[in-house]
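Residue numbers (the working numbering), protein chains in the order written: chain A, 117 to 273; chain B, -8 to 370.
Where hints are given, some of them may not hold.
In the DSBU-like style, the derived pairs of lysine-lysine whose C-alpha atoms are separated by at most 35 Å in a straight line are [stated by the list, open to error]:
| # | chain 1 | residue 1 | chain 2 | residue 2 |
| --- | --- | --- | --- | --- |
| 1 | A | Lys141 | B | Lys(-1) |
| 2 | B | Lys(-7) | B | Lys268 |
| 3 | A | Lys126 | B | Lys8 |
| 4 | B | Lys305 | A | Lys141 |
| 5 | B | Lys268 | A | Lys141 |
Computed spacing ranges between beta-carbons, pair by pair [stated by the list, open to error]:
| # | chain 1 | residue 1 | chain 2 | residue 2 | range |
| --- | --- | --- | --- | --- | --- |
| 6 | B | Thr140 | A | Ala133 | 51 to 57 Å |
| 7 | A | Ala170 | B | Lys28 | 49 to 55 Å |
| 8 | B | Ser306 | A | Glu119 | 29 to 35 Å |
| 9 | A | Lys160 | B | Tyr41 | 45 to 51 Å |
The hints are simulated quantities; they were obtained by calculation from the structure and are not laboratory data.
Beta carbons: idealized from backbone N, C-alpha and C, even for Gly.
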Amino acid sequence: MNELLKLLEKNARTSNAELAVLLGKTEQEVADEIAKLESDGVIKGYSTLIDYTAINPNLVTAYIELKVTPQARTGFDDIARFISQFDEVKGVTLMSGAFDIGITIIGENLLVVSKFVSQHLATIDGVVSTATHFVLKTYKDNGLNLCPDESDERGMF
Amino acid sequence: MKPSGIRKFFDIAGKMKDVISLGVGEPDFSTPWPIRKAAIETLERKQIIYGPNRGLASLLSAISENIEKRLGVSYDKDSELIVTVGGSEAIDIALRSLINPGDEVLVVEPCFVCYAPLVELIGGVAVSVPTRLENNFKLTLEDFKDKVTKRTKLIILPFPNNPTGAIMTKEDLEPIAEFLRDTDIMVLSDEIYSELTYGRKHFSIVQLPGMRERTIYVNGFSKAYAMTGWRLGYVTAPAPVIKQMMKIHQYAIMCSPFVSQNAAIEALMSCDEDVKKMTEEYDRRRRYLVNEFNRLGLTCFNPEGAFYVFPCIKSTGLSSEDFCERLLYEKKVAAVPGSAFGDSGEGYIRISYAYSLKHLKEAMSRIALFLEDLKNESK
């Protein structure tokens, strides 16, 4: 994969000056390359990896599997678009396999998530069934390893 | 004999809390999974035995093919090659095979700490050959020509170099080979960092005409494949030399670790891509550090190999040992004083980049504060 993308994927806030040093390029070359990746739609945006449970320990993340009857003409698109409009929905994907649409949700607590599923998702025309899985612990997110580092026992040879 | 100068700092740093180290000489990457898997399978399926003295036949073949592929030089796996317990054993048995009491060994410095003590242990005389920043720490003929005497038996070439990161190109090695061809001096080429070079492919002195015949070539799995703890290296040399080395190896060591040898076969067969990825990551860190040190006013030459940078700290007016000691106590950053690698390392510090970029950034911000403090003191 493109070296620049690898670095930005790890830390989108790395400055162009620093990227230039790491890649052995000029700052201008880096700026041009980023501009091109953005205009080509390779880089879609820059977001922040936030652990909201550090503020609110009751917060829950859930993966919800939706089985859906595809609609005439639009297939799954209309339903997926409808679901995407909710702020608490963090991700929506069309899946192959045992279910159709996969949704990631973050809610204030368990009750809020279950209410969202029963009131907003299960009631959509065309939704056949839902299965909700709650996240217990995250070990790696967006390529970032979240496990605490093991102590460094390497010797100074 | 003095204990290793690296060790001393390691012991102090180990007793302090929240120390951020830049001291290690081994990769931060895990051994690639296929290699570890091969070891697990060995443990599950095979009887863990001593194995043949020289090394497992399949590993000897794989190493011999690998050298031929990389360097275009062929070694007979049955008479010119031994699998050793790390490059360290290879260096030790090479010296013990060749050096008689009173023989002189040219030790190119700054260099890894083991050569001179191992020479002295067998009654040899270690003759220091300093290299200089002006030459990018490369060895030149002028550096050692005048130190050659009738008793000079061997010259040790430690390139790519720990601690400086210097490399020797074909053009750099040619005049040295030219000179050596008219002498009886042998070469011990420690090329353990050969796979970690940046921007150009490693060149070995054994690739030059007439040099294979007088060179003991040491390499291993530790640095390239992140396999330090497996303790596995190898040595090649002309058959008469290997014959002598085999005697010491078989009596002192018997054979190299069986599980590690099985794992190493997998390393040679399937891990080129892993080595490439690790090298690319080292390369980014290298560029970051060189840029940072120069920005902070500590002249840092651009190393082309290994995973160390060797910035000059002479501008601070401190000795390298004082610099490292104060940096450790005042800012809790552990680096190794250049003097640990020979007198010619005085005025420099060794910074390892076998650490994540995040770790290096934190360390550099502490070093920046330390340099700021030093400036304010001298006002």
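How the hints compare with the structure:
{"no.": "1", "hint": "A:Lys141 to B:Lys(-1)", "verdict": "39 Å, violated"}
{"no.": "2", "hint": "B:Lys(-7) to B:Lys268", "verdict": "38 Å, violated"}
{"no.": "3", "hint": "A:Lys126 to B:Lys8", "verdict": "29 Å, holds"}
{"no.": "4", "hint": "B:Lys305 to A:Lys141", "verdict": "30 Å, holds"}
{"no.": "5", "hint": "B:Lys268 to A:Lys141", "verdict": "19 Å, holds"}
{"no.": "6", "hint": "B:Thr140 to A:Ala133: 51 to 57 Å", "verdict": "53 Å, holds"}
{"no.": "7", "hint": "A:Ala170 to B:Lys28: 49 to 55 Å", "verdict": "36 Å, violated"}
{"no.": "8", "hint": "B:Ser306 to A:Glu119: 29 to 35 Å", "verdict": "33 Å, holds"}
{"no.": "9", "hint": "A:Lys160 to B:Tyr41: 45 to 51 Å", "verdict": "58 Å, violated"}
When held up to the earlier numbered hints, the structure conflicts with 1, 2, 7, 9 and fits the remainder.
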